[in-house]
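Chain by chain, the residues:
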Amino acid sequence: MKRVGVFVCECGTNIGSVVDAPKVAETALNMPGVAFATSYKYMCSDPGQDLIIKAAEDHNLEQVVVASCSPRMHENTFRKAMSAAGLNPYQFEMVNIREHVSWVHSDKDEATQKAIDLVRMAVAKVVRNKPLQVSYIPVTKKALVIGGGIAGMQAALDIAETGHQVILVEREPTIGGKMAQLDKTFPTMDCSA
Amino acid sequence: MVAVAQHPNIKLYSYSEVVGLSGYIGNFTVTIKEKAKYVDYDKCTGCGLCETKCPSRVKSEFDLGLGERRAIYKAFPQAVPNKPVIDADNCRKLQSGKCGICEKLCPTKAINFEDQDRLVTEEVGAIVMATGYDLFEWEKAYGEYGYGKYPDVISGLHFERLVNASGPTGGKIQRPSDGKIPQAVAFIKCVGSRDDTKGKSYCSRACCMYTAKHAMQVVEKIPDGDAYVFYMDVRTAGKGYEEFYQRSVEQGAQYIRGRVSKIYPRGDRLVVKSEDTLMGKPIEVEVDMVVLATAMVPAAGSAEVAKLIGFSTDKDGFFQEAHPKLQPVETFTGGVYLAGSCQGPKDIPDTVAQASAAAVKVAALFSKDKLATEPMIAYVDETKCTGCEFCVPVCPYQAISMKPVKSRVHGQTVERQVAEVNKGLCQGCGACVAACRPCALNHNGFTSDQIVSEVDALCL
Amino acid sequence: MSVETSKGWEPKIVAFACNWCSYAGGDLAGLNRLQYPSNVRIIRVPCSGRIDPQFILRAFMMGADGVLVSG
Numbered sequence: 000m001k002r003v004g005v006f007v008c009e010c011g012t013n014i015g016s017v018v019d020a021p022k023v024a025e026t027a028l029n030m031p032g033v034a035f036a037t038s039y040k041y042m043c044s045d046p047g048q049d050l051i052i053k054a055a056e057d058h059n060l061e062q063v064v065v066a067s068c069s070p071r072m073h074e075n076t077f078r079k080a081m082s083a084a085g086l087n088p089y090q091f092e093m094v095n096i097r098e099h100v101s102w103v104h105s106d107k108d109e110a111t112q113k114a115i116d117l118v119r120m121a122v123a124k125v126v127r128n129k130p131l132q133v134s135y136i137p138v139t140k141k142a143l144v145i146g147g148g149i150a151g152m153q154a155a156l157d158i159a160e161t162g163h164q165v166i167l168v169e170r171e172p173t174i175g176g177k178m179a180q181l182d183k184t185f186p187t188m189d190c191s192a
Numbered sequence: 000m001v002a003v004a005q006h007p008n009i010k011l012y013s014y015s016e017v018v019g020l021s022g023y024i025g026n027f028t029v030t031i032k033e034k035a036k037y038v039d040y041d042k043c044t045g046c047g048l049c050e051t052k053c054p055s056r057v058k059s060e061f062d063l064g065l066g067e068r069r070a071i072y073k074a075f076p077q078a079v080p081n082k083p084v085i086d087a088d089n090c091r092k093l094q095s096g097k098c099g100i101c102e103k104l105c106p107t108k109a110i111n112f113e114d115q116d117r118l119v120t121e122e123v124g125a126i127v128m129a130t131g132y133d134l135f136e137w138e139k140a141y142g143e144y145g146y147g148k149y150p151d152v153i154s155g156l157h158f159e160r161l162v163n164a165s166g167p168t169g170g171k172i173q174r175p176s177d178g179k180i181p182q183a184v185a186f187i188k189c190v191g192s193r194d195d196t197k198g199k200s201y202c203s204r205a206c207c208m209y210t211a212k213h214a215m216q217v218v219e220k221i222p223d224g225d226a227y228v229f230y231m232d233v234r235t236a237g238k239g240y241e242e243f244y245q246r247s248v249e250q251g252a253q254y255i256r257g258r259v260s261k262i263y264p265r266g267d268r269l270v271v272k273s274e275d276t277l278m279g280k281p282i283e284v285e286v287d288m289v290v291l292a293t294a295m296v297p298a299a300g301s302a303e304v305a306k307l308i309g310f311s312t313d314k315d316g317f318f319q320e321a322h323p324k325l326q327p328v329e330t331f332t333g334g335v336y337l338a339g340s341c342q343g344p345k346d347i348p349d350t351v352a353q354a355s356a357a358a359v360k361v362a363a364l365f366s367k368d369k370l371a372t373e374p375m376i377a378y379v380d381e382t383k384c385t386g387c388e389f390c391v392p393v394c395p396y397q398a399i400s401m402k403p404v405k406s407r408v409h410g411q412t413v414e415r416q417v418a419e420v421n422k423g424l425c426q427g428c429g430a431c432v433a434a435c436r437p438c439a440l441n442h443n444g445f446t447s448d449q450i451v452s453e454v455d456a457l458c459l
Numbered sequence: 000m001s002v003e004t005s006k007g008w009e010p011k012i013v014a015f016a017c018n019w020c021s022y023a024g025g026d027l028a029g030l031n032r033l034q035y036p037s038n039v040r041i042i043r044v045p046c047s048g049r050i051d052p053q054f055i056l057r058a059f060m061m062g063a064d065g066v067l068v069s070g
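Chains as they are written, first to last, in numbering that gives the first Met the number 0: chain A, 0 to 192; chain B, 0 to 459; chain C, 0 to 70.
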């Protein structure tokens, strides 16, 4: 059996005022594979992340589910906490009980039930997660700038100043673009060329 | 401009276009077509003798038809590179085989009528798009302004050429029809901008300011000159902008709030008919020239180049940024950044700011020796893959290719084709996984097993 | 509507939402505090293209009353 830790965030009152976080954690304890579950005021804070790191050690966790805000917000935060806990960062799933639950529902029972369902879903998913490794690709340190107007020239110069090679492609016989056609330019009225 | 040409780290391909691109962030291969210039830039000194003797005269694109150029030409005297090209369509030698005066005259024998388009390839790690804008073709949309048949109804860019010291009139404001100095000039703002029915719904942002500048230049340069500015709103959100606009008013530019409904000729002058909405009555002004502040639209060919590089455009054809507030210079394609008005109408200060922002994004990318790739992408179980190739066209990122593998079947070695996912190109959409009939493709982090178990857990 | 009917039978709806658009749209609904019925359960997928018809059939098979695919 996998050993999953479930952490339910209250996000101050953002989640806690609608979703009964301790109840969600308590229910999660009975889900298959869950070895530890708790709720906390702010999971994304340092003490919140430390909670994951400590629980991972104390309960020998393999996988973690955090029920809090949108993964688009803090997925990376918790992936880093996973690494800090000595776990693979991809043995992690996030449950969105703020944007998708507490902020859009007002009935506490219904919202808590939905949060429980979503946690159950994430636990079912996380036990099937595999440790994944980030792979690396090389970087060719040369830039292509397409267009030799003021935007292209400025970008090319700035990149060139950082010491990297730049290829500037302009379809007209001369660079300068529209700006070269202009007379004095506002608001300073200096010349454009 | 000169700084660009002289910078040791910048390699300039002028008169060239990007015609091919493959690869992915950090590892692009780009094909550039260098159009035939018919001038050997290694030999040419840019002396300009050829230009003075060329017998073919054509309208100058740079001066928007207000001036002339030759068939061998520099767009303008300060062009970079400061060397000419031959416009093959208008060159007598290239069209009919007779002439070749430039070749005879050239002191360094730089003219080469045999020159051909050349394709070169370059390896790059990042791309900055800076393809700019064109002006909305008001001639096709605005019948009430004459569909372009009145020569003295011009665009703001034409006006720039007229006031430019190195322009066709040497900086003297002369109207195109007869060269007379216009005593009264009307400016019409929002031509094609903020006009859903005939033009574009958006505000082109720079026009309020350059019109203020134009009006100021009319008042300054023409003794007793009158500048009438017809406007819907005056938008001057920018540092020092409102003060600049107020200066134009103080110097005598007359602002009239109203949309011009008609322009028609009377004698050799033009009558501008509008309503003064602040006074609540119709107004007619007789002027010598009308300058239209036309909308900015994406540069010709931007849709093609967006498709070639592989990123999306917005409803108006401008290049789509990854996020309007938080990722204004990134695109959805890794390693491709946006600078300037190709992303949306903007003025020079904003363009410069965005170009520097794009440069920093590139510099940040180049500060790494290698890039971490997201592991939540598709992978192939080669034992299950039948080599049907169904996934290959399904992939929107061209990340799947076929590769041969050898396996032992009944004691014999057989070679067969299986799918392979390129880790740099794969964006992890999973479309191939859904399409794979033998279930050989799966998705790290979103395996079919995982999603089904989520469904099951929900439907308990 | 009486209280009884609104507290009566509620359909169970499974929604497959693309991470980049619809899921983000769900987030936006949250940011704007737009209230909607709580019987929708969202499954995050990397793209609507990832959705295998089998997932939808599976949901119906397991007792879902409605499936929303959005991307």
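Hint data in this document are derived by calculation from the structure and do not stem from the laboratory.
Be careful, since some hints might not be right.
What the hints assert, rightly or not - Computed footprint of chain A on chain B, listed as stretches where at least three residues anywhere in the stretch have a Cβ under 8 Å from a Cβ of chain A: (1) 9-23; (2) 120-130; (3) 141-148; (4) 155-165; (5) 259-269; (6) 316-326; (7) 388-396.
Backbone N, C-alpha and C define an ideal beta-carbon position, used for all residues, glycine too.
Hints and how they fare:
1. Only residues whose beta carbon comes within less than 8 Å of a beta carbon in chain A count, and the stretch 9-23 of chain B has 10; three or more means the coverage holds.
2. Counting residues of the stretch 120-130 of chain B whose beta carbon lies closer than 8 Å to any beta carbon of chain A gives 10, which reaches the threshold of three, so the coverage claim holds.
3. Note: the stretch 141-148 of chain B has 0 residues with beta-carbon separation from chain A under 8 Å; the three-residue rule is not met and the coverage is violated.
4. For a cut-off of 8 Å, the count of residues in the stretch 155-165 of chain B with a CB near a CB of chain A stands at 6, and the three-residue condition holds.
5. With 0 residues having a beta carbon nearer than 8 Å to a beta carbon of chain A, the stretch 259-269 of chain B misses the requirement of three or more and the stated coverage is violated.
6. By the rule of at least three residues with a Cβ nearer than 8 Å to a Cβ of chain A, the coverage given for the stretch 316-326 of chain B is violated, with 0 such residues.
7. Counting residues of the stretch 388-396 of chain B whose C-beta sits closer than 8 Å to any C-beta of chain A gives 0, which falls short of three, so the coverage hint is violated.
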